[in-house]
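Visitor: Chain A is fixed; fit chain B onto it per the hints.
There are 2 protein chains.
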Amino acid sequence: MIFEGSEKKLELVVQDSVNLLAWPESRWLELIAAAGTQAISKVENSHGRAYLLSESSLFVWRDRMTMITCGTTTLADSALKACEYLQSEDIAAIFYERKNEYFPQMQKSDFFADARKLNQVIPGRAYRLGHADEHHLFLYHSCRQFEPRKTDTTLEILMYGLRGRAREAFNEENRSGEWIRMQTGLDRLFSGYSVDDHAFSPIGYSLNAINGARYYTIHVTPQDESPYVSFETNLNSRRDMEATIKSVLEVFQPRAFDVVYFDAKAEREIVNINGYVTRGAVREKLGCGFNVYYSHHSEEQAVETAAYLLEI
Amino acid sequence: MIFEGSEKKLELVVQDSVNLLAWPESRWLELIAAAGTQAISKVENSHGRAYLLSESSLFVWRDRMTMITCGTTTLADSALKACEYLQSEDIAAIFYERKNEYFPQMQKSDFFADARKLNQVIPGRAYRLGHADEHHLFLYHSCRQFEPRKTDTTLEILMYGLRGRAREAFNEENRSGEWIRMQTGLDRLFSGYSVDDHAFSPIGYSLNAINGARYYTIHVTPQDESPYVSFETNLNSRRDMEATIKSVLEVFQPRAFDVVYFDAKAEREIVNINGYVTRGAVREKLGCGFNVYYSHHSEEQAVETAAYLLEI
Numbered sequence: 001m002i003f004e005g006s007e008k009k010l011e012l013v014v015q016d017s018v019n020l021l022a023w024p025e026s027r028w029l030e031l032i033a034a035a036g037t038q039a040i041s042k043v044e045n046s047h048g049r050a051y052l053l054s055e056s057s058l059f060v061w062r063d064r065m066t067m068i069t070c071g072t073t074t075l076a077d078s079a080l081k082a083c084e085y086l087q088s089e090d091i092a093a094i095f096y097e098r099k100n101e102y103f104p105q106m107q108k109s110d111f112f113a114d115a116r117k118l119n120q121v122i123p124g125r126a127y128r129l130g131h132a133d134e135h136h137l138f139l140y141h142s143c144r145q146f147e148p149r150k151t152d153t154t155l156e157i158l159m160y161g162l163r164g165r166a167r168e169a170f171n172e173e174n175r176s177g178e179w180i181r182m183q184t185g186l187d188r189l190f191s192g193y194s195v196d197d198h199a200f201s202p203i204g205y206s207l208n209a210i211n212g213a214r215y216y217t218i219h220v221t222p223q224d225e226s227p228y229v230s231f232e233t234n235l236n237s238r239r240d241m242e243a244t245i246k247s248v249l250e251v252f253q254p255r256a257f258d259v260v261y262f263d264a265k266a267e268r269e270i271v272n273i274n275g276y277v278t279r280g281a282v283r284e285k286l287g288c289g290f291n292v293y294y295s296h297h298s299e300e301q302a303v304e305t306a307a308y309l310l311e312i
Numbered sequence: 313m314i315f316e317g318s319e320k321k322l323e324l325v326v327q328d329s330v331n332l333l334a335w336p337e338s339r340w341l342e343l344i345a346a347a348g349t350q351a352i353s354k355v356e357n358s359h360g361r362a363y364l365l366s367e368s369s370l371f372v373w374r375d376r377m378t379m380i381t382c383g384t385t386t387l388a389d390s391a392l393k394a395c396e397y398l399q400s401e402d403i404a405a406i407f408y409e410r411k412n413e414y415f416p417q418m419q420k421s422d423f424f425a426d427a428r429k430l431n432q433v434i435p436g437r438a439y440r441l442g443h444a445d446e447h448h449l450f451l452y453h454s455c456r457q458f459e460p461r462k463t464d465t466t467l468e469i470l471m472y473g474l475r476g477r478a479r480e481a482f483n484e485e486n487r488s489g490e491w492i493r494m495q496t497g498l499d500r501l502f503s504g505y506s507v508d509d510h511a512f513s514p515i516g517y518s519l520n521a522i523n524g525a526r527y528y529t530i531h532v533t534p535q536d537e538s539p540y541v542s543f544e545t546n547l548n549s550r551r552d553m554e555a556t557i558k559s560v561l562e563v564f565q566p567r568a569f570d571v572v573y574f575d576a577k578a579e580r581e582i583v584n585i586n587g588y589v590t591r592g593a594v595r596e597k598l599g600c601g602f603n604v605y606y607s608h609h610s611e612e613q614a615v616e617t618a619a620y621l622l623e624i
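Protein chains in written order, with the working numbering: chain A, 1 to 312; chain B, 313 to 624.
Any given hint could turn out to be false.
Restricting the straight-line Cα-Cα distance to at most 27 Å, the calculated cross-link-like pairs of lysine-lysine (DSS-like) are [said to hold, decoys possible]: (1) Lys-420/B <-> Lys-117/A; (2) Lys-420/B <-> Lys-108/A; (3) Lys-108/A <-> Lys-429/B.
Simulated from the structure, these hints should not be mistaken for laboratory data.
Extracted from the complex, chain A is given alone in its bound form (with noise of 0.2 Å):
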């Protein structure tokens, strides 16, 4: 089966003068709606709520929505029916970023229109960070004068060819969410967490888990055809990073992966993981207040592999 695993997310920050939270849910299924998926079931705390959706996963808190969206979706809508709830002036950044897709020439928009769109709403910069013929990452960043906090940080690892046990266990059909957690070693990640997962059938397995005001949020599409784990947090301080994706890591066994990484920071080293090359790094300080961080990991020994035969 083909199912694009590849994310589109969008992150949109607003001004004091606006509380998120006291949204009515109706107006956030409306959103969720607009990218043409759907909640299936959500998690809160005093700090913000985490809908859990057929493709991926919505966050919200007072101040921020963060909302990441696989398969065919159209999560750049969902950014502009967001912005008519706004007055402009309200609005203190909007990031959009698509990852380069398994098949994306089944994909709606690309992400030139999605930018495009944006940009008329929003007047802003788009990036590709990484070569156009390897893995890249395409960035929409709003270019108002936006000051991040020094805790505002997000690390996002994007990886590709399960390996192991985990693509063993991703792969059983119609196990459990809990089965699933302690097969993998998901359960021993990080604890504290309240955790909403869903196992879907008969593969395919989301996570969202808050704790106070951070998070972490997980996507696995384990098909052969497009093996992909998304990896997303904001409970990162650079120091730790390091640690955090080597744990990550242990978890999935991918063959290969991206880091992307937001702070208020300008200079950041560039990261080294144990048996994996690391193929090309993107240091780039926006416009808008924040540096993103990009690097492209592969194992560190290339593999002959047999022809796919595909189905045709």
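Guide: Here is chain B on its own, set in the frame of chain A:
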């Protein structure tokens, strides 16, 4: 300017009962038009004819046609059109290839749709060579038993990211073919060939060359958005393949490249080229008598790059 350099390739081999050189030129122009491209010029000898196209090349020999087209061409339609002029039993073999593209969302069809079309005319098999998230080649071939001659070999070198002198020279606007050949060292690559080349305006370059039944062809899309060069030849024995690869790489100095090789023999060694890392390899004995070899290679040291500002 966005231009898709990555190509589709069709090879159609006929039985002795047919002489493709006897087909009227109007028929070839019809096949060329079916792909949505047009002939610019041609060069011929007693063995065959090479058309330079507005999107790459068509070679016609007594027993086969080889057509390579880039851009948003519809090469599978040329294959179907050619089959209309042939009895089914006259067709010895069909091969159809598509490299992963820079801008797949802009294509008029994807490989799966093309393969389904071909499969209805001549039942065959479709493969992906290489991981789906990495550089990879799609290959469709007919399943009829076919016995290629020992000398029936094809070498393709598909190159990404021009560097150095080649990048500069191919990006100079409105230069003549002769200037490009001299400046880049292309004129010293092989001798004894009748050469037909074309420098596109403002940039872009194509070359066909024939010598008896041997040919080579080169297509250069130097645009910084999607820098790509293809080289293909049947002049190689397995013995001097590595030497040919080295001399071609010397001209174009790519950041990364693929090697695709077809021949009748079973096993070949994995290509290793100084200064490049072999990132993946596939060796497959196809059901039709040929063996295919595919490998991807990239620069040894990952280089940090700047974010690439996109025009939206």
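Visitor: For every hint, state whether the structure bears it out.
Guide: The hints, checked one at a time:
no.	hint	result
1	Lys-420/B <-> Lys-117/A	holds, 23 Å
2	Lys-420/B <-> Lys-108/A	holds, 14 Å
3	Lys-108/A <-> Lys-429/B	holds, 23 Å
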